[in-house]
Structures are given as structure tokens and as C-alpha cells.
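Trainee: Build the full structure now, drawing on both the sequences and the hints.
Here is what each chain is made of, one letter per residue.
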Amino acid sequence: MNRSSDRPIAVQLSGVDKYYGAFQALSRIDLEVRKGEKIVICGPSGSGKSTLIRCINRLEPHDCGRIVVNGIELTSDPRSIEDVRLEVGMVFQQFNLFPHLTIIENCMLAPRLTRGRSKEATEKLARFYLERVHIGDQALKYPSQLSGGQQQRVAIARALCMEPPIMLFDEPTSSLDPEMINEVLQVMEELANDGMTMICVTHEMGFARRVANRCVFMDKGEIVEIAPTEEFFAAPRSDRLRAFIAQILH
Amino acid sequence: MSGLPIDPHLAWVNLPAMGHGLLINIIMTFLTLGIGLFTSLLVTLARMSKNRVISAVAGLYVVFFRGVPLLILLYLVYYGLGQIEGVRKGPLWLIFGSAFSCAIICLVLNHTAFMVEVVRGALEAVPVGLIEASRALGISPRHVFFRIRLPLAMRYGLKAYQNEVVMFAKGTAVVGTITVVDLTAVANGVFEETYDPFTPILTAAALYWVFVNTVRIGFYRLDQHLNRHLITDEMQRRSVVVPKKAETSRPSPVAIGIAIPAVRERVL
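Top to bottom, those sequences are chains A and B. FYI, our numbering numbers position 151 of the first sequence as 151, with every residue one higher than the one before it. FYI, our numbering numbers position 134 of the second sequence as 384, with every residue one higher than the one before it.
Just so you know, the hints here were simulated from the structure itself, not pulled from any lab data. Just so you know, these numbers come straight off a predicted model, no measurement behind them. Worth double-checking, as some hints may not be accurate.
Output of the computed footprint for chain A on chain B, the stretches with three or more beta carbons under 8 Å from beta carbons of chain A [unchecked claim]: (1) 377–384; (2) 393–400.
Quick list of the computed label-pair ranges, beta carbon to beta carbon [claimed, not checked]: (3) A:PRO8 / B:VAL378: 29 to 39 Å; (4) A:ARG7 / B:VAL378: 28 to 38 Å; (5) A:SER14 / B:LEU476: 40 to 50 Å; (6) A:ARG117 / B:GLY284: 32 to 42 Å.
Going by beta-carbon spacing under 7 Å, a handful of chain A positions derived as facing chain B [claimed, not checked]: (7) ASN57; (8) LEU59; (9) PRO61; (10) CYS64; (11) ARG85; (12) MET90; (13) GLN94; (14) HIS100; (15) LEU113.
Glycine included, every Cβ here is placed at the ideal spot set by N, Cα and C.
Mentor: Right under this line is the structure:
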């Protein structure tokens with residue numbers, strides 16, 4: 001049934017638990033993402049969606065279970081963390097651009113520091129990805145001069161400059177004004193069409209329907225349901241997902 | 251005697267000596283600030299360390315040296331240490347035998363203690379999201395600190411630092427008490443020779459004022475330069491930033507280096 005099941009596994013979580021003190025943020029998470037797959041994670045606020053994807057690049061250390069990214073197992077060993085972070089790009093809700101650097105400097109910083117490439121090569125790379133998110137003409141501006149949608153596209157370009165095979169999106173459109181959401185979603189769709197492996201936490205159900213191969217529904221730190229996108233929306237199995245879908249689609 | 255409280259001739263004659271005194275203050279100020287940048291960063295990192303012992307020692311340092319009056323510290327180090335024979339006869343006397351180096355040591359100890367909270371506040375003001383974004387990009391912790399956190403903290407802490415520097419620059423006058431001939435000491439000397447109560451002190455005050463305001467203007471310039479990214483008005487920014495072609499749809503080769511020709515071909 002699943003067309004991508006013969007592709008190599010990009011991200012595998014098995015039995016992952018995460019606690020904040022006594023509060024259990026994630027419980028027994030099992031998720032397997034194949035190369036090139038697009039996964040959308042949704043669920044009510046506080047359900048652990050962000051925690052889940054933040055565990056994948058170890059912005060949050062998990063307490064139990066295994067996380068393997070492109071064959072690298074995440075442990076507390078700094079080497080493994082560094083290796084995994086080079087495999088995985090991330091885009092945040094709050095953009096998090098470096099305010100004191102220009103747009104192109106934002107994009108060049110990480111490749112310069114971690115890949116040891118020349119300034120010229122890095123700049124070429126940065127220009128290429130800025131063009132790709134349709135923002136090449138803003139290269140010399142500072143983040144504060146750009147709109148929210150533009151800033152988020154820069155954040156995507158900045159992550160792409162590290163040329164990661166996997167991209168994580170943590171509610172990339174949630175702090176944008178409505179009229180700017182589409183320009184960001186469009187860039188993400190283009191990325192999806194180019195075959196990028198993507199895991200997105202988002203409330204944009206239209207985007208989920210157009211782009212996602214599978215959707216994940218989380219509630220109270222658990223994965224309640226995983227299903228191919230059509231089935232997910234048309235025939236939700238659990239009551240919790242049915243209630244959630246009814247709520248967000250009005 | 252004119253009706254003025256100031257004797258212009260006396261002021262003029264003593265100006266070279268006063269200038270030399272001011273030079274001592276300036277040297278003391280910048281030497282201490284220079285050393286202080288390193289020591290305060292070091293003590294701050296210790297203070298923020300996860301190791302409880304290191305953090306406690308740094309905390310104790312801050313509490314102690316913020317509390318000890320600088321004047322008493324100077325007396326203790328310059329006159330007090332000289333009473334100990336081991337110090338007087340040992341190699342350390344090279345340092346503690348000189349009033350100037352004693353003054354620098356005390357000033358650094360004092361200045362560092364005040365700076366720790368400034369630096370710590372500034373470092374902690376850097377949004378955690380920016381640190382996370384850097385880490386997510388695979389940037390090493392050391393680079394995250396020196397390329398992202400510290401440069402931003404500098405900007406946040408600049409105003410508080412400016413206050414500390416101005417207070418401190420004027421505070422260097424206290425070194426006169428341990429025989430360093432600074433501006434205030436020169437002025438006092440002139441007073442003792444002439445019993446003119448106004449001229450030397452007012453001349454010294456004018457010189458301090460010029461010094462402190464030069465420092466202030468320097469800080470203003472630095473602030474404008476470091477925070478140019480906050481100026482949203484393009485024209486205004488251009489007047490602040492070093493002459494660099496402002497951005498248009500076409501990238502400026504001057505501003506971004508040599509790789510442009512190749513890139514521009516693709517862009518166009």
C-alpha cells in the first residue's frame with residue numbers, strides 16, 4: 001500500500017519517552033519516516049508535537065527509547081548530536097534570524113563555520129538558496145527590514161544552505177499574518193516537490209492535504225493515529241481525531 | 251586679581267602638568283577597561299558555570315569586591331602588603347612596590363566585580379530561540395557563544411557598560427591617595443602651592459568633563475554602529491554605516507566581495 005515503504009529509513013523513533021520533571025511530554029513514541037516522505041504532525045496545543053520534532057535534532061534530549069537519524073543514533077555523545085544536526089535542518093515558529101547579521105550573512109554563517117568552505121563558495125550557495133525562496137533581492141538587508149513571511153523564507157534558506165537531507169518545521173506559519181502564510185507554504189511545497197524529506201508540525205490542513213504522504217495526530221504526549229493523508233481526513237479511526245478534525249475544519 | 255574666581259595665567263602655566271595628570275587617568279582607565287574585558291568575561295562564565303563550587307567562588311568574589319570601598323582596597327594593597335616581609339623581599343615586590351601597578355590591580359578587581367552582573371545580564375538577555383537556531387544549524391557550542399551570543403550580549407549591555415565606564419573614569423581620581431600623580435593630585439598640588447581654591451580644581455573639572463564626554467561620544471558612535479540593524483529607515487542607516495553601497499535589487503560588488511560576477515549571471 002505504502003509506495004515509499006521500500007525506500008531507506010530517514011528518521012526512526014522507537015519507544016521514545018520525554019519528561020519535564022514529573023510531567024510526561026512524550027510517551028512511547030514510535031515513528032518511522034522514509035526518505036523523501038512528507039509527514040505532517042498535528043494535534044491540540046500541549047500535545048507534544050513540538051517536543052517530538054525537537055527531540056529529532058536533540059534540542060530536547062529524550063529520556064527513553066531510540067532515535068536514529070539517517071543511520072546515526074542520537075546519544076548524549078556530542079559527536080552524534082553534531083552529526084545528526086548536520087543531517088537535519090530546522091525552521092522555527094519565531095524565525096530566529098540573527099538580528100545583527102544581514103540576510104546573506106545569516107545564510108552564510110553556519111556553512112562557513114561548520115563546512116569550512118571558502119567565502120566565495122558559501123556566498124554562491126547562499127545566493128542560490130535565497131533565490132530559491134524568492135528573496136534574492138533582499139540579501140543585503142537586515143532581518144528587521146523584512147516582513148514576517150520574508151523572514152521565515154530566509155530562515156528556510158538558511159537551513160537549506162547546510163544542505164540537509166531532512167527538514168523539520170515547527171509551526172512555521174503560526175506567527176505570521178494571514179496574508180503571508182501562503183508565500184511560506186508555497187516555498188515549502190516547492191521543497192516537497194523537489195523530494196525533500198519533511199516533518200512538519202502545522203495547523204495548515206490545506207497544506208497537509210496537498211503535500212503530506214502521511215499525517216500524525218498527537219494528543220497528551222502520545223501518537224493517537226498515523227494514517228495516509230486521505231484516509232486521515234476522510235476516515236479518522238479514533239474519536240479524539242474525529243473531534244479534532246471537526247474542530248479545526250469548523 | 252580680576253573679578254573671576256579663576257586665574258587664567260595660573261591655569262595656563264599648569265596646563266602641561268594637568269595634561270600629564272589627565273594622561274595618567276586616561277591610561278589607567280583604558281588599561282583597566284582592557285584587562286577588565288577579559289577578567290569580567292572570565293568571572294562571569296565562572297559565575298554562570300554549572301559547577302556549583304566554581305559558581306560560588308565567583309559569586310563570593312563579586313559580593314566581596316563590590317562591597318569593599320576602592321579607597322580601602324588601595325590602602326590595603328599598596329601600604330598593607332608592603333608590611334609583609336615576604337612580599338617586600340620577594341619577586342612580587344616588582345608589582346606591589348609600584349603605586350601604579352597596585353592601582354591597576356585594585357581598579358581591575360573593583361571594575362570586574364561591577365562588570366560581572368552587567369555581562370551576565372547581557373548574556374542572559376540573548377533570546378534562547380537564537381541559541382537554539384544556531385545549535386540546530388550544527389554550529390559548535392564555542393562558535394555559538396563567540397559568534398552569536400557574545401556579539402548580541404555586547405549590544406544589550408552597551409548602555410549599562412557606558413554608565414560603568416563613565417563612573418569608573420571619574421573614580422580613577424582615588425589613585426592619588428597612593429601617590430600616583432593623576433589629574434586630581436596635580437590640582438591638589440597646585441592648590442597647596444598657591445592657596446588658590448578655584449583655579450586648579452575648576453581646570454581639572456573641565457579636563458575631566460572633556461575626557462568623559464569624549465568617551466560618551468565614542469560610546470554613542472559604537473552604539474550606532476553595532477545597532478545599525480535596528481534602523482529601519484534606509485537613508486538614516488546609510489548615514490551611520492561606513493560608506494557602503496546600499497542594497498538595491500542588484501547586489502553591490504563592493505559590499506559583498508568578489509564572488510558576485512558568477513552569481514549575478516545566474517540571478518539575471
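Trainee: For every hint, state whether the structure bears it out.
Mentor: Do the hints match the structure? See the list:
no.: 1; hint: 377–384; in the structure: holds (count 6)
no.: 2; hint: 393–400; in the structure: holds (count 3)
no.: 3; hint: A:PRO8 / B:VAL378: 29 to 39 Å; in the structure: 34 Å, holds
no.: 4; hint: A:ARG7 / B:VAL378: 28 to 38 Å; in the structure: 36 Å, holds
no.: 5; hint: A:SER14 / B:LEU476: 40 to 50 Å; in the structure: 48 Å, holds
no.: 6; hint: A:ARG117 / B:GLY284: 32 to 42 Å; in the structure: 35 Å, holds
no.: 7; hint: ASN57; in the structure: 6 Å, holds
no.: 8; hint: LEU59; in the structure: 5 Å, holds
no.: 9; hint: PRO61; in the structure: 12 Å, violated
no.: 10; hint: CYS64; in the structure: 22 Å, violated
no.: 11; hint: ARG85; in the structure: 4 Å, holds
no.: 12; hint: MET90; in the structure: 4 Å, holds
no.: 13; hint: GLN94; in the structure: 5 Å, holds
no.: 14; hint: HIS100; in the structure: 5 Å, holds
no.: 15; hint: LEU113; in the structure: 5 Å, holds
In terms of the numbered hints stated before, the structure departs from hints 9, 10, listed from lowest to highest.
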